[in-house]
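Number of protein chains: 2
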Amino acid sequence: MATVEGLDGLSLARLADAVGMSKSGLFAHFGSKEELQLATIDAASTIFDELVIEPASTEAAGLPRLRAYVALFLQHVEEAVFPGGCFFVSAMSELDAQPGPARDGALAFSQRWLSLLARQVMDAQATGELDPAADPSQIAFELNAYMVLGNMQFVATSDPAALDRVRQAVDSRLATLTV
Amino acid sequence: MATVEGLDGLSLARLADAVGMSKSGLFAHFGSKEELQLATIDAASTIFDELVIEPASTEAAGLPRLRAYVALFLQHVEEAVFPGGCFFVSAMSELDAQPGPARDGALAFSQRWLSLLARQVMDAQATGELDPAADPSQIAFELNAYMVLGNMQFVATSDPAALDRVRQAVDSRLATLTV
DNA sequence: CACTAGATAGGACGATCGTTCGTGCTTACT
DNA sequence: AGTAAGCACGAACGATCGTCCTATCTAGTG
Chain A
1 MATVEGLDGL SLARLADAVG MSKSGLFAHF GSKEELQLAT IDAASTIFDE LVIEPASTEA
61 AGLPRLRAYV ALFLQHVEEA VFPGGCFFVS AMSELDAQPG PARDGALAFS QRWLSLLARQ
121 VMDAQATGEL DPAADPSQIA FELNAYMVLG NMQFVATSDP AALDRVRQAV DSRLATLTV
Chain B
1 MATVEGLDGL SLARLADAVG MSKSGLFAHF GSKEELQLAT IDAASTIFDE LVIEPASTEA
61 AGLPRLRAYV ALFLQHVEEA VFPGGCFFVS AMSELDAQPG PARDGALAFS QRWLSLLARQ
121 VMDAQATGEL DPAADPSQIA FELNAYMVLG NMQFVATSDP AALDRVRQAV DSRLATLTV
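As you go down the protein sequences, you meet chains A and B in turn.
In terms of this note's numbering, the first sequence opens at residue 1 and continues consecutively.
In terms of this note's numbering, the second sequence opens at residue 1 and continues consecutively.
Hints were generated in silico from the structure; no laboratory data involved.
Small disclaimer: the values here were computed from a predicted structure and weren't measured.
There could be a bad hint or two in this list.
[To be verified] Just some of the chain A residues that point at chain B, by a computed CB distance under 8 Å:
# : residue
1 : D8
2 : P83
3 : Q98
4 : L107
5 : F141
6 : V148
7 : A156
[Claimed, not checked] Example chain A residues on the side facing chain B (calculated, C-beta under 8 Å, incomplete):
#  : residue
8  : V4
9  : G6
10 : G9
11 : G84
12 : S90
13 : M92
14 : S93
15 : E94
16 : A97
17 : R103
18 : Q138
19 : M152
Backbone N, C-alpha and C fix where the C-beta goes; we use that ideal spot for every residue, glycine too.
Let's have the full structure, built from the sequences with the hints guiding it.
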């Protein structure tokens, strides 16, 4: 719900109704709306780990795992695990100009995701799969950019072609780095 | 204000206070909050045109104008014309999962922006500046992706390095297409 | 069985939301 | 001078917001 209405636009009453609880009963579990938002970010983080990060870890470090990250990310967007697309794209867009614990939590996750991508680039360089002259952080930024925009376009248009653009962009970018 | 609090999070009372009017006096000009949001999108569209699109039209069609689009976009982000970054990145992120006239308006602008970028790629191909084998829409997608993510990171971190990443990404991507 | 801790419900609170109404003030035209 | 139009205002509306208080129910412990 937070990916559709926003972390702030989601109200206690609607959430309580959705889970079949009373507003006060739900509220008692968190104590404040901000705590609920932080718990929501934690929950989304866990889901993302389970659906994207952990499954990719079965692939060999380097290029295979990097491609698995991209494929699993796009899959979780296309399958509408979150109806409003990637949770952290929604959250960062909403919170990026609003300092506070919620923004810090979402930002920390985004940076962890970026560093995971960068690490796979580094590993791919170490194994000789990718050009060692490239800046891993820069490549991670570019690949993530494709995924973020593709996610937004897919949510807005429901057109899987947006995700195909991401795949092609990733492919052609990695091709320029293949030795 | 809409780029910080969101088009929905912005309330009539706060806006009226900010412009030194009464809530009812301001409201009378629009008739409903949705009309205010649509007028806000129109106003932001005009500002973007004046600061980014029109100034770039003095550059020659093709590669020079394409680079001007990127440079002016990054400039308007860095100068915090909108305190929450590019208005349409904020708007699309908030509205992408909420069908309605507001989303349609923001989406239309985004697609116009993308088509402007794609047209410059086509012109650059026609003038022999860029590889004619590339798909202009695909290149526009990739360049816009850099700008969108760079915008989000800059707003969240206030670190101009995010915009430098965009510049480098654009440069290296265009370099692969230079004949 | 008595007692306690925890979860949930209902109800109410003050604040704020978008919206409506009635009114005074200014401006411009007859 | 008289009048109509438009603008801005204060006040209030019902709805919804986050939050708090209190009561009820259940599970587990002695």
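Now the hints, each set against the structure:
no. : hint : result
1   : D8   : holds (6 Å)
2   : P83  : holds (6 Å)
3   : Q98  : holds (7 Å)
4   : L107 : holds (6 Å)
5   : F141 : holds (5 Å)
6   : V148 : holds (5 Å)
7   : A156 : holds (4 Å)
8   : V4   : holds (4 Å)
9   : G6   : holds (7 Å)
10  : G9   : holds (6 Å)
11  : G84  : holds (4 Å)
12  : S90  : holds (7 Å)
13  : M92  : holds (6 Å)
14  : S93  : holds (3 Å)
15  : E94  : holds (7 Å)
16  : A97  : holds (4 Å)
17  : R103 : holds (7 Å)
18  : Q138 : holds (6 Å)
19  : M152 : holds (6 Å)
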